[in-house]
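Going down the list, the sequences are from chains W and S. My numbering applies: residue 1 is where the first sequence begins, and numbers increase by one. My numbering applies: residue 114 is where the second sequence begins, and numbers increase by one.
Since the hints were made in silico from the structure, they are not lab data. Please note: incorrect hints may appear among the correct ones.
Cut-off 30 Å, straight-line C-alpha distance, at most; resulting in silico cross-link-like pairs (DSBU-like, lysine-lysine) [claimed, not checked]:
no.: 1; chain 1: S; residue 1: K129; chain 2: S; residue 2: K151
no.: 2; chain 1: W; residue 1: K65; chain 2: S; residue 2: K226
no.: 3; chain 1: W; residue 1: K65; chain 2: S; residue 2: K214
A short list of chain S residues far from chain W (calculated; beta carbon distances all over 12 Å) [what the hints assert, rightly or not]:
no.: 4; residue: S125
no.: 5; residue: V126
no.: 6; residue: T133
no.: 7; residue: R141
no.: 8; residue: G156
no.: 9; residue: E157
no.: 10; residue: I162
no.: 11; residue: E169
no.: 12; residue: Q170
no.: 13; residue: Q182
no.: 14; residue: T185
no.: 15; residue: N189
no.: 16; residue: D199
no.: 17; residue: S200
no.: 18; residue: C205
We put the CB at the ideal spot given by N, CA and C, even for glycine.
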Amino acid sequence: SAVISQKPSRDICQRGTSLTIQCQVDSQVTMMFWYRQQPGQSLTLIATANQGSEATYESGFVIDKFPISRPNLTFSTLTVSNMSPEDSSIYLCSAKGGHYEQYFGPGTRLTVT
Amino acid sequence: AQKVTQAQTEISVVEKEDVTLDCVYETRDTTYYLFWYKQPPSGELVFLIRRNSFDEQNEISGRYSWNFQKSTSSFNFTITASQVVDSAVYFCALSWGYGNKLVFGAGTILRVKS
Numbered sequence: 001s002a003v004i005s006q007k008p009s010r011d012i013c014q015r016g017t018s019l020t021i022q023c024q025v026d027s028q029v030t031m032m033f034w035y036r037q038q039p040g041q042s043l044t045l046i047a048t049a050n051q052g053s054e055a056t057y058e059s060g061f062v063i064d065k066f067p068i069s070r071p072n073l074t075f076s077t078l079t080v081s082n083m084s085p086e087d088s089s090i091y092l093c094s095a096k097g098g099h100y101e102q103y104f105g106p107g108t109r110l111t112v113t
Numbered sequence: 114a115q116k117v118t119q120a121q122t123e124i125s126v127v128e129k130e131d132v133t134l135d136c137v138y139e140t141r142d143t144t145y146y147l148f149w150y151k152q153p154p155s156g157e158l159v160f161l162i163r164r165n166s167f168d169e170q171n172e173i174s175g176r177y178s179w180n181f182q183k184s185t186s187s188f189n190f191t192i193t194a195s196q197v198v199d200s201a202v203y204f205c206a207l208s209w210g211y212g213n214k215l216v217f218g219a220g221t222i223l224r225v226k227s
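Could you put together the complete structure from these sequences and hints?
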């Protein structure tokens with residue numbers, strides 16, 4: 001299994017600003033993913049972060065709002081841009097394991113005021 | 114369309130009771146994977162089990178057991194002799210094809226009272 005860490009663990013941000021979330025995996029993985037979990041809700045996939053190519057975004061999510069970087073096989077960042085209170089959520093990154101399971105980081109709890 | 118339905122929003126039991134969490138899935142793919150995750154109050158998602166579509170064998174791990182039935186498109190999760198530490202949100206999830214995306218159900222909140 002993979003061990004995943006995220007920074008920051010939580011943040012309170014002002015409307016209109018941006019926050020970059022970092023995700024570090026303890027081993028090389030081909031696939032990394034970013035999810036959003038709105039308060040009291042399930043997880044929704046934002047995008048798949050591919051090393052060496054642009055991220056693949058799900059319907060309803062766009063690169064201008066959620067730019068993603070994947071500079072190597074152990075690291076990825078997600079930026080939440082021009083934030084509004086509706087962006088208040090938990091953001092989780094995950095890495096795909098050897099048998100299609102995904103291992104998740106502890107999440108970043110974002111509050112936008 | 115790929116979809117996971119967890120009809121039980123919240124279940125409350127008393128410690129030592131058995132409890133079953135239901136999961137029904139929809140997919141047109143013949144190759145797919147089903148998962149259960151636990152999200153305790155701390156928030157971190159814990160991977161519990163994976164099943165692929167070609168393996169309908171039920172599985173038991175300690176107090177946990179899973180029943181996979183393709184005929185009813187269900188992948189139910191039973192906790193035997195529940196404990197307070199089992200209190201969490203449990204998510205059923207589905208991936209298909211090359212197993213990249215995960216689609217999650219809405220989750221079931223399990224409250225185990227002492």
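Taking the hints in turn, this is what the structure says about them:
1. S:K129 to S:K151: Answer holds: S:K129 to S:K151 is near 19 Å, not above 30 Å.
2. W:K65 to S:K226: The hint is violated at about 42 Å.
3. W:K65 to S:K214: Given pair W:K65, S:K214 holds - Cα atoms ~21 Å apart, limit 30 Å.
4. S125: holds (17 Å)
5. V126: Given that every Cβ of chain W is farther than 12 Å from that of S:V126, nearest at about 21 Å, it holds.
6. T133: Per Cβ check, S:T133 is outside 12 Å of chain W; nearest 20 Å; holds.
7. R141: For S:R141, whose nearest Cβ neighbour in chain W is about 18 Å away, the distance exceeds 12 Å, so it holds.
8. G156: violated (5 Å)
9. E157: violated (5 Å)
10. I162: Given a closest Cβ separation of 9 Å, the condition is violated.
11. E169: holds (17 Å)
12. Q170: holds (15 Å)
13. Q182: holds (20 Å)
14. T185: Holds, since 22 Å exceeds 12 Å.
15. N189: Holds: least Cβ distance 18 Å, greater than 12 Å.
16. D199: For S:D199, whose nearest Cβ neighbour in chain W is about 19 Å away, the distance exceeds 12 Å, so it holds.
17. S200: Non-interface label stands for S:S200: nearest chain W Cβ at 16 Å, farther than 12 Å.
18. C205: violated (10 Å)
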